[in-house]
Amino acid sequence: MSTITQDTPAAHDDHHDDHHGAPKGIMRWILTTNHKDIGTLYLWFSFIMFLTGGAMAMVIRAELFQPGLQLVEPNFFNQMTTVHGLVMVFGAVMPAFTGLANWLIPMMIGAPDMALPRMNNWSFWILPFAFTILLSSLFMEGGGPNFGWTFYAPLSTTYSPDSTALFVFSVHIMGISSIMGAINVVVTIVNMRAPGMTWMKLPLFVWTWLITAFLLIAVMPVLAGAVTMVLTDKYFATSFFDAAGGGDPVMFQHIFWFFGHPEVYIMILPSFGIISAIVPAFSRKPLFGYASMVYATASIAVLSFLVWAHHMFTTGMPVFAELFFMYCTMLIAVPTGVKVFNWVATMWRGSISFETPMLFAVAFIILFTIGGFSGLMLAITPADFQYHDTYFVVAHFHYVLVTGAIFSIMAAAYYWLPKWTGNMYSESLGRWHFWCSVISVNVLFFPMHFLGLAGMPRRIPDYAIQFADVNQIVSIGGFAFGLSQLIFLAVVIKCIRGGEKAPAKPWEGAEGLEWTIPSPAPYHSFTTPPEVK
Amino acid sequence: MTTKHEPYYVPAQSAWPIIGAIGLFLIAFGAGSFVSELNSEGGIGGYILLAGIAVIIFMIFGWFRTVIAESMAGLYSPQMDRSFRQGMSWFIFSEVMFFAAFFGALFYARMIAIPWLGGASNNAMTHEVLWPTFEAVWPLVTTPDGTTTEAMGWTGLPLYNTLILLTSSVTLHFAHVGLEKNKRQALTAWLALTIVLGIGFLFLQVEEYVHAYQEMGLTLESGVYGNTFFLLTGFHGMHVTLGTVFLIVLFFRVLKGHFTPEHHFAFQAGSWYWHFVDVVWLCLFIFVYVL
Chain R
1 MSTITQDTPA AHDDHHDDHH GAPKGIMRWI LTTNHKDIGT LYLWFSFIMF
51 LTGGAMAMVI RAELFQPGLQ LVEPNFFNQM TTVHGLVMVF GAVMPAFTGL
101 ANWLIPMMIG APDMALPRMN NWSFWILPFA FTILLSSLFM EGGGPNFGWT
151 FYAPLSTTYS PDSTALFVFS VHIMGISSIM GAINVVVTIV NMRAPGMTWM
201 KLPLFVWTWL ITAFLLIAVM PVLAGAVTMV LTDKYFATSF FDAAGGGDPV
251 MFQHIFWFFG HPEVYIMILP SFGIISAIVP AFSRKPLFGY ASMVYATASI
301 AVLSFLVWAH HMFTTGMPVF AELFFMYCTM LIAVPTGVKV FNWVATMWRG
351 SISFETPMLF AVAFIILFTI GGFSGLMLAI TPADFQYHDT YFVVAHFHYV
401 LVTGAIFSIM AAAYYWLPKW TGNMYSESLG RWHFWCSVIS VNVLFFPMHF
451 LGLAGMPRRI PDYAIQFADV NQIVSIGGFA FGLSQLIFLA VVIKCIRGGE
501 KAPAKPWEGA EGLEWTIPSP APYHSFTTPP EVK
Chain D
1 MTTKHEPYYV PAQSAWPIIG AIGLFLIAFG AGSFVSELNS EGGIGGYILL
51 AGIAVIIFMI FGWFRTVIAE SMAGLYSPQM DRSFRQGMSW FIFSEVMFFA
101 AFFGALFYAR MIAIPWLGGA SNNAMTHEVL WPTFEAVWPL VTTPDGTTTE
151 AMGWTGLPLY NTLILLTSSV TLHFAHVGLE KNKRQALTAW LALTIVLGIG
201 FLFLQVEEYV HAYQEMGLTL ESGVYGNTFF LLTGFHGMHV TLGTVFLIVL
251 FFRVLKGHFT PEHHFAFQAG SWYWHFVDVV WLCLFIFVYV L
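Chains R and D, in that order, give the protein sequences. Under this note's numbering, the first residue of the first sequence is numbered 1, with each subsequent residue one higher. Under this note's numbering, the first residue of the second sequence is numbered 1, with each subsequent residue one higher.
In short, the hints are calculated from the structure, not lab data. The reader is advised that the hints may include incorrect statements.
Claimed, not checked - Listing some non-contacts, in silico: residues in chain D with all C-beta distances to chain R over 10 Å:
(1) A124
(2) W154
(3) L159
(4) K181
(5) A192
(6) Q214
(7) G217
(8) G223
(9) L242
(10) H258
(11) A266
(12) F287
Stated by the list, open to error - Some chain D residues close to chain R (C-beta under 8 Å, calculated; not the full set):
(13) Y8
(14) S14
(15) I18
(16) F25
(17) A28
(18) F102
(19) A105
(20) H127
(21) E128
(22) L130
(23) P132
(24) T143
(25) T147
The beta-carbon is built from N, C-alpha and C at its ideal position, and this holds for glycine as well.
Same shape as in the complex, but just chain R (with noise of 0.2 Å):
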């Protein structure tokens, strides 16, 4: 993959807009079919959401820094636990995810753009629309959805607000936009690749996606079905999720899980794609063990379809039901092992410098195996039974998805702005938001562990006294946590407005088509396929 001739730009380039630059004003945003364009615009939107999810977790921590009751009413505490979960999951990892793959793939791959470039920008541009729906009815009388992001039957069936119908509405049209968005993905690295980029010469980030990309169109449409049961039941007086009508709660858990399981897969792969570019770059070493990541991710893909039910081990699944579902757990922790050990090969004897992206990298690395290290115990059945539905469970999933998928989507960032923009961003303020969010992301979730191992259960607006210290380090971290991220909004904004002039290739370790383009990438990259040897 290193070495790259590119044509000249043939002569054959008969349509007009091929060689413009960027139209100016609002319209360019929202008529865009450049898949720059529409990746620059799902990460600001990724980050407006992550800012918001950000403020909800803040009312959150708040409200949890004494025991009792002082800031918010307990029906409010679970409208903000509810929406904080919804908004990070569907609106700051996913689409942030989205943008970058809209960014990178077309010039990882020497394609021209997108395969479908006006479906891209209908993907995009239904998520503000959406999420003004689902933020919306928060508003409304009654409030929004207090069921939790996982919306158990019969919390979002018997028991939920009047304004549920809209939050399902807007889960419709958020499935919509990632199932055309992941359309898009697929189609676009099985026929866009450039002369000679063969299967096992993609970049990983790509890899991951195209997996990512199959899981998202497998299980979006079955979490369709499942806001759609949740609908029938709740205003049509259906009885899925109904025992006196011949359904069962639990077939909600089994259905919502299915999809849910993928899910957390869907969050987590294109992460091992950054971290599989950004280690070889920093260690100035290939990647170790090209192969054996792509079939374990893969593998990972796969499994994750027989991984459900570990979400209810406590339901009274039948014993053998458990078992399974416990063995077929544990055995991602091989896939996801192998991923883990490349990594640290890849840095073994590397020739290895920390900036930013590298730190964000190494600190994915470690935080996110502790992240899978808690999940290991939670996968144990019996000893389940004594987390589940406490703040372990919490603790466990935000190390995998903040210092998972969104420490990840931050080492992104730094890595390829200088890429995106044309400049090189403050390696020094970089550096202090990866400091201060490191130590602050620890101090907010190291201690729910043990707040969970005690017994405080999630999703409460009061505990019991004892646990008041922990909690008042828990929210000192958060506050933390959530200051530290507005220096990354000055590094961007700095970023953008000027600095030292990128390269176009800063990174010296960094390979890779997107590097043979100058910086800032020009609007149209690729309109001739570059030949790779």
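Following the hints, complete the assembly by docking chain D onto the known chain R.
Same frame as chain R, but now just chain D:
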């Protein structure tokens, strides 16, 4: 060095996607408001929903007109055509998974939830404590809380509908063969017949629903049997409706002389969609009606 690739057509700015996004917004917001206002007077959700549907129809017309014009102008390379085909296949896969959720609910209710309510496995006490008189049978004609209904047989209307839909897949295939051999008359005739069969199917489906509601007492509210029956057949019926509209559009394009033996993505997509809807019906017929 020469490049083997033709240029890939990257469309210029387009207003259709944002119009589509606004349409979906109105549909989602309107439908959400409409449903939550069902039990109250004077809501406007229904009108917003209708406005949204109108915007989406407008968008589809405009977007398709643009795409057809581009296609007729020869802007699409074989690579483009592959993008469209792959996109359509993945879309159909997502539809398969949507139906899978409801089939999953059907199988779970039938194989697990209802037997357990009847005391199977280690659930003797569940049965004893909750509804001791409940009998676990499928179709579930009496729910645990005592709602009764009749089961829909597979003979009569459902069987006719199965034959109609299976035939329509064959006729559409003949139309496709006609297109590929450039026999335009055969193409037109077989396509018209397929559309008639599709409409006939929908007509009989409505008949069946009326029969179920008025004579059998099988409604959306008659427990999990009625739920899975109506949601599966209902979503299938919506897909047949969409498929029929799709075929009607193709029919008019055929009359205008569109499509060539080598170049007919839209026809291919419509035909894939129709065969998919047919396969779903076959699963429905087996698992909802016969077994």
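To see whether the hints hold, each was checked on the structure:
| no. | hint | in the structure |
| --- | --- | --- |
| 1 | A124 | holds (14 Å) |
| 2 | W154 | holds (20 Å) |
| 3 | L159 | holds (26 Å) |
| 4 | K181 | holds (28 Å) |
| 5 | A192 | holds (31 Å) |
| 6 | Q214 | holds (18 Å) |
| 7 | G217 | holds (14 Å) |
| 8 | G223 | violated (4 Å) |
| 9 | L242 | holds (14 Å) |
| 10 | H258 | holds (20 Å) |
| 11 | A266 | holds (15 Å) |
| 12 | F287 | holds (16 Å) |
| 13 | Y8 | holds (5 Å) |
| 14 | S14 | holds (5 Å) |
| 15 | I18 | holds (5 Å) |
| 16 | F25 | holds (4 Å) |
| 17 | A28 | holds (4 Å) |
| 18 | F102 | holds (6 Å) |
| 19 | A105 | holds (6 Å) |
| 20 | H127 | violated (11 Å) |
| 21 | E128 | violated (14 Å) |
| 22 | L130 | holds (7 Å) |
| 23 | P132 | violated (14 Å) |
| 24 | T143 | holds (5 Å) |
| 25 | T147 | holds (7 Å) |
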